[in-house]
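*Asks:* Working from the sequences, and respecting the hints, build out all of it.
Throughout, the working numbering is defined as the position within the sequence shown, counted from one, plus 299.
Derived from the structure by calculation, the hints contain no laboratory data. One or more hints might be untrue.
Ranges between beta-carbon positions, derived for each pair [claimed, not checked]:
no., residue 1, residue 2, range
1, D422, T362, 31 to 37 Å
2, E357, E323, 32 to 38 Å
3, Y312, D455, 55 to 61 Å
We treat Cβ as the ideally placed atom computed from N, Cα and C, and that holds for glycine.
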Amino acid sequence: MSEPGRGTIFKIYWPAASEVPGEEAPPKPEAPARGGTETILIVDDEADIRDLTTEALETSGYTVVQAASGEEALTIYLARDEAIDLVIMDLNMPGMGGRQCLLELIHLDSEARVLVASGYSADGPAGEILGLGAAGFIGKPYRISELLASIRDILDR
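*Replies:* Written as structure tokens, this is what we have:
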């Protein structure tokens, strides 16, 4: 009972919870992405992106060749003695953009495998690219683990 000047005491009993509400379980560690020994051509007008991607792919065992434009990519693709197993290409580049470069690559080599890496949504311009013959799409920015998984998925088909 409550008494004036003394207040009231309440005792509340809650069932024990196994998890704290509002806290998410710690993320499960991702399985390490598999690398490979294939040759990959990276086509992007941003040198930092080319360099970071090259470093990650080489660390995973891939041989990497870089091109800063669609025109340079076609020149490299045609001039190499060893086959290019996969092309990772940005869509938005000065000069010959990714769309035109993809069409040229497919025209030159119907077996060319191209992974489009773009800040565009897969529902927009990037989705059209998949219909033109690209083997896959990855949105920028991407995690290296996502990129490695996409690469393996395409190369293992």
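*Asks:* Between Y312 and D455, does the beta-carbon spacing fit 55 to 61 Å?
*Replies:* 57 Å, holds
*Asks:* Could one say that the CB atoms of D422 and T362 fall in the range 31 to 37 Å?
*Replies:* 33 Å, holds
*Asks:* Tell me if the beta carbons of E357 and E323 are separated by a distance inside 32 to 38 Å.
*Replies:* For E323 against E357, whose Cβ atoms are near 35 Å apart, the range 32 to 38 Å holds.
Going down the numbered hints, you'll see the structure goes against none, and every one checks out.
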